[in-house]
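Q: Here is what each chain is made of, one letter per residue.
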Amino acid sequence: MDLILQPWPWYITGPLLAIVMFLLIYFGKTFGMSSNLRTFCAMAGAGKKSDFFKIDYKTQKWNLMVVFGAVIGGFIAHFFLSNETNIQLNPHTIEKLQSFGFENIGKALVPPEIYNWDAVFSIKGILILVIGGFLVGFGTRYAGGCTSGHAITGLSNLQIPSLIAVIGFFIGGLIMTHFILPLIF
Amino acid sequence: MKYLKFILTGIFFGIVLVKSEAVSWYRIFEMFRFESFHMYGIIGSAVITGIILVQIAKRKKIKNIEGVPIHPTPKDKSITRYLLGGLLFGLGWALAGACPGPMYILVVTGAFSMLIVIIAATFGTFVYGLIKNKLPH
Chain A
68 MDLILQPWPW YITGPLLAIV MFLLIYFGKT FGMSSNLRTF CAMAGAGKKS DFFKIDYKTQ
128 KWNLMVVFGA VIGGFIAHFF LSNETNIQLN PHTIEKLQSF GFENIGKALV PPEIYNWDAV
188 FSIKGILILV IGGFLVGFGT RYAGGCTSGH AITGLSNLQI PSLIAVIGFF IGGLIMTHFI
248 LPLIF
Chain B
16 MKYLKFILTG IFFGIVLVKS EAVSWYRIFE MFRFESFHMY GIIGSAVITG IILVQIAKRK
76 KIKNIEGVPI HPTPKDKSIT RYLLGGLLFG LGWALAGACP GPMYILVVTG AFSMLIVIIA
136 ATFGTFVYGL IKNKLPH
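Chains as they are written, first to last, in the numbering used here: chain A, 68 to 252; chain B, 16 to 152.
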């Protein structure tokens, strides 16, 4: 039981994620989480503003069900299948975050310095979440996929476009982590 | 009940994501600083397993449940949209620390402010839909 409660190693979780991808292909669908954001827009009536959202969102219901399941699974894993959160990060990573003024590093899944209500209700805090979220939603649709659609599904199918997208993900992530985050904190 | 298999697949996905710690902002920060193999191991072993599964399916001509041979849809050829779109997503991923699967999960683990990220992401997709035709693809 303790093996279950500990974080699972990468060589277990990586292949399990590939099985999720394969199951969805087997069910005649595809693994792509960011498509749900387009479905939300279509459900909210965005089809009146742009043809991009003129989709029959009922055909996307299966993907919303995957999200619904993922939320249940995440809840089960976090509250019933895990010890207290204590992410074992590299000491250099912790040092860097301390220099940002972060505390209790790795004791929660997300840093309280960004996600606590105190942080959220400051100008800087709300901008981080709004701009971060906006870039995720805009960027994934522009690139036609995210980590699940490009990095896992596309690369598994040896797709060059997905490799280009993943290189893009990394350029963006490196710029944010090495140049922008140190300016923000 | 036709959606049950998708809910079950989702539950499995959610459990694996949380147990892998890939839902954590800290892990993503650590990955982009090249200070841990963890995230590379997850993505790398997922891709290698995925390549093997897809190749087996193609060679054995395994059919999906609709009776159609398994063949993931090829993506449109382009560089600009993947590189630029990918770059913008990467900036957001490293800032908010959540991609479009984990963000829903994080809400129910107690990070309720993640709802703001979800709303902003939906708005980002909406804006893309509005200006799509003006962007280089």
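Be careful, since some hints might not be right.
[Claimed, not checked] When the alpha-carbon atoms are kept at most 25 Å apart in a straight line, the in silico SDA-like pairs for lysine to any residue are as follows:
{"id": "1", "chain 1": "B", "residue 1": "Lys92", "chain 2": "B", "residue 2": "Val122"}
{"id": "2", "chain 1": "B", "residue 1": "Lys20", "chain 2": "B", "residue 2": "Gln70"}
{"id": "3", "chain 1": "B", "residue 1": "Lys73", "chain 2": "B", "residue 2": "Val83"}
{"id": "4", "chain 1": "B", "residue 1": "Lys17", "chain 2": "B", "residue 2": "Glu81"}
{"id": "5", "chain 1": "A", "residue 1": "Lys96", "chain 2": "B", "residue 2": "Lys76"}
{"id": "6", "chain 1": "A", "residue 1": "Lys128", "chain 2": "B", "residue 2": "Ile22"}
{"id": "7", "chain 1": "A", "residue 1": "Lys174", "chain 2": "A", "residue 2": "Lys96"}
{"id": "8", "chain 1": "B", "residue 1": "Lys76", "chain 2": "B", "residue 2": "Thr95"}
{"id": "9", "chain 1": "A", "residue 1": "Lys96", "chain 2": "A", "residue 2": "Lys125"}
{"id": "10", "chain 1": "B", "residue 1": "Lys78", "chain 2": "A", "residue 2": "Trp129"}
{"id": "11", "chain 1": "A", "residue 1": "Lys121", "chain 2": "B", "residue 2": "Ser93"}
{"id": "12", "chain 1": "B", "residue 1": "Lys147", "chain 2": "A", "residue 2": "Thr126"}
{"id": "13", "chain 1": "B", "residue 1": "Lys76", "chain 2": "B", "residue 2": "His86"}
{"id": "14", "chain 1": "A", "residue 1": "Lys191", "chain 2": "A", "residue 2": "Gln165"}
{"id": "15", "chain 1": "A", "residue 1": "Lys128", "chain 2": "B", "residue 2": "Lys17"}
{"id": "16", "chain 1": "B", "residue 1": "Lys17", "chain 2": "A", "residue 2": "Lys191"}
{"id": "17", "chain 1": "A", "residue 1": "Lys128", "chain 2": "B", "residue 2": "Gln70"}
{"id": "18", "chain 1": "A", "residue 1": "Lys96", "chain 2": "A", "residue 2": "Pro179"}
{"id": "19", "chain 1": "B", "residue 1": "Lys20", "chain 2": "A", "residue 2": "Glu170"}
{"id": "20", "chain 1": "B", "residue 1": "Lys73", "chain 2": "A", "residue 2": "Leu90"}
{"id": "21", "chain 1": "A", "residue 1": "Lys191", "chain 2": "A", "residue 2": "Phe252"}
{"id": "22", "chain 1": "B", "residue 1": "Lys92", "chain 2": "B", "residue 2": "Tyr18"}
{"id": "23", "chain 1": "A", "residue 1": "Lys125", "chain 2": "B", "residue 2": "Tyr18"}
{"id": "24", "chain 1": "A", "residue 1": "Lys96", "chain 2": "B", "residue 2": "Lys149"}
{"id": "25", "chain 1": "A", "residue 1": "Lys121", "chain 2": "A", "residue 2": "Ile139"}
{"id": "26", "chain 1": "A", "residue 1": "Lys125", "chain 2": "B", "residue 2": "Phe49"}
{"id": "27", "chain 1": "A", "residue 1": "Lys125", "chain 2": "B", "residue 2": "Ile67"}
{"id": "28", "chain 1": "B", "residue 1": "Lys75", "chain 2": "A", "residue 2": "Thr97"}
{"id": "29", "chain 1": "B", "residue 1": "Lys149", "chain 2": "A", "residue 2": "Ile238"}
{"id": "30", "chain 1": "A", "residue 1": "Lys174", "chain 2": "A", "residue 2": "Phe147"}
Rather than coming from a laboratory, the hints here were simulated on the basis of the structure.
Q: Does each hint fit the structure? Answer for all of them.
A: Quick rundown of the hints versus the structure:
1. A C-alpha spacing of about 36 Å is found between Lys92 (chain B) and Val122 (chain B), which places the hinted pair above 25 Å, so the restraint is violated.
2. Pair hint Lys20 (chain B) plus Gln70 (chain B) holds up; C-alpha atoms about 24 Å apart against a cutoff of 25 Å.
3. Between the alpha carbons of Lys73 (chain B) and Val83 (chain B) the distance comes to roughly 11 Å, so the proposed pair stays at or under 25 Å and holds.
4. For the suggested pair Lys17 (chain B) and Glu81 (chain B), the alpha carbons sit about 13 Å apart, so the restraint of at most 25 Å is met.
5. Between Lys96 (chain A) and Lys76 (chain B) the alpha-carbon distance is near 17 Å, which keeps this suggested pair within the 25 Å criterion.
6. As the CA atoms of Lys128 (chain A) and Ile22 (chain B) are separated by approximately 11 Å, the hinted pair is consistent with the 25 Å bound.
7. For the hint linking Lys174 (chain A) to Lys96 (chain A), the alpha-carbon distance of about 37 Å lies beyond 25 Å, and the restraint is violated.
8. For the given pair, Lys76 (chain B) sits about 34 Å from Thr95 (chain B) by alpha-carbon distance, which is inconsistent with the 25 Å threshold.
9. Between Lys96 (chain A) and Lys125 (chain A) the alpha-carbon distance is near 14 Å, which keeps this suggested pair within the 25 Å criterion.
10. Proximity of Lys78 (chain B) to Trp129 (chain A) is assessed by CA-CA distance (about 19 Å); at most 25 Å being required, the pair is judged to hold.
11. With a CA separation close to 24 Å, the supplied pair Lys121 (chain A) and Ser93 (chain B) stays within the 25 Å bound.
12. Taken as a hint, the Lys147 (chain B) and Thr126 (chain A) pair is honoured in the structure, with Cα atoms around 22 Å apart against an allowance of 25 Å.
13. With a CA separation close to 9 Å, the supplied pair Lys76 (chain B) and His86 (chain B) stays within the 25 Å bound.
14. For the hint pairing Lys191 (chain A) with Gln165 (chain A), the CA-to-CA distance comes to about 19 Å; that is within 25 Å, so the pair holds.
15. Of the pairs offered as hints, the one joining Lys128 (chain A) and Lys17 (chain B) holds, with about 11 Å between alpha carbons and a cut-off of 25 Å not exceeded.
16. With a C-alpha separation of about 45 Å, the suggested pair Lys17 (chain B) and Lys191 (chain A) falls outside the 25 Å cut-off, and the hint is violated.
17. Taking the CA atoms of Lys128 (chain A) and Gln70 (chain B), the gap is near 28 Å; set against the 25 Å cutoff, the hint is violated.
18. About 37 Å separates the Cα atoms of Lys96 (chain A) and Pro179 (chain A), which puts this hinted pair outside 25 Å; it is violated.
19. With a C-alpha separation of about 41 Å, the suggested pair Lys20 (chain B) and Glu170 (chain A) falls outside the 25 Å cut-off, and the hint is violated.
20. Taking the CA atoms of Lys73 (chain B) and Leu90 (chain A), the gap is near 14 Å; set against the 25 Å cutoff, the hint holds.
21. The hinted pair formed by Lys191 (chain A) and Phe252 (chain A) meets the criterion: a straight-line CA distance of about 10 Å does not exceed 25 Å.
22. In summary, the hint linking Lys92 (chain B) to Tyr18 (chain B) is not supported, as the alpha carbons are separated by about 33 Å, beyond the 25 Å threshold.
23. For the given pair, Lys125 (chain A) sits about 12 Å from Tyr18 (chain B) by alpha-carbon distance, which is consistent with the 25 Å threshold.
24. Straight-line distance between C-alpha atoms of Lys96 (chain A) and Lys149 (chain B) comes to about 30 Å, which puts the hinted pair past the 25 Å bound.
25. For the hint linking Lys121 (chain A) to Ile139 (chain A), the alpha-carbon distance of about 30 Å lies beyond 25 Å, and the restraint is violated.
26. Distance restraint check for Lys125 (chain A) and Phe49 (chain B): the Cα-Cα separation of roughly 41 Å exceeds the 25 Å cut-off, and the hinted pair is therefore not satisfied.
27. Between Lys125 (chain A) and Ile67 (chain B), the direct Cα distance comes to roughly 32 Å. Violation of the 25 Å bound is thereby established for this hinted pair.
28. About 20 Å separates the Cα atoms of Lys75 (chain B) and Thr97 (chain A), which keeps this hinted pair within 25 Å; it holds.
29. Under the criterion of a C-alpha separation no larger than 25 Å, the hint pairing Lys149 (chain B) with Ile238 (chain A) is consistent with the structure, at around 23 Å.
30. Under the criterion of a C-alpha separation no larger than 25 Å, the hint pairing Lys174 (chain A) with Phe147 (chain A) is consistent with the structure, at around 17 Å.
Consistency note: the structure conflicts with the earlier hints numbered 1, 7, 8, 16, 17, 18, 19, 22, 24, 25, 26, 27.
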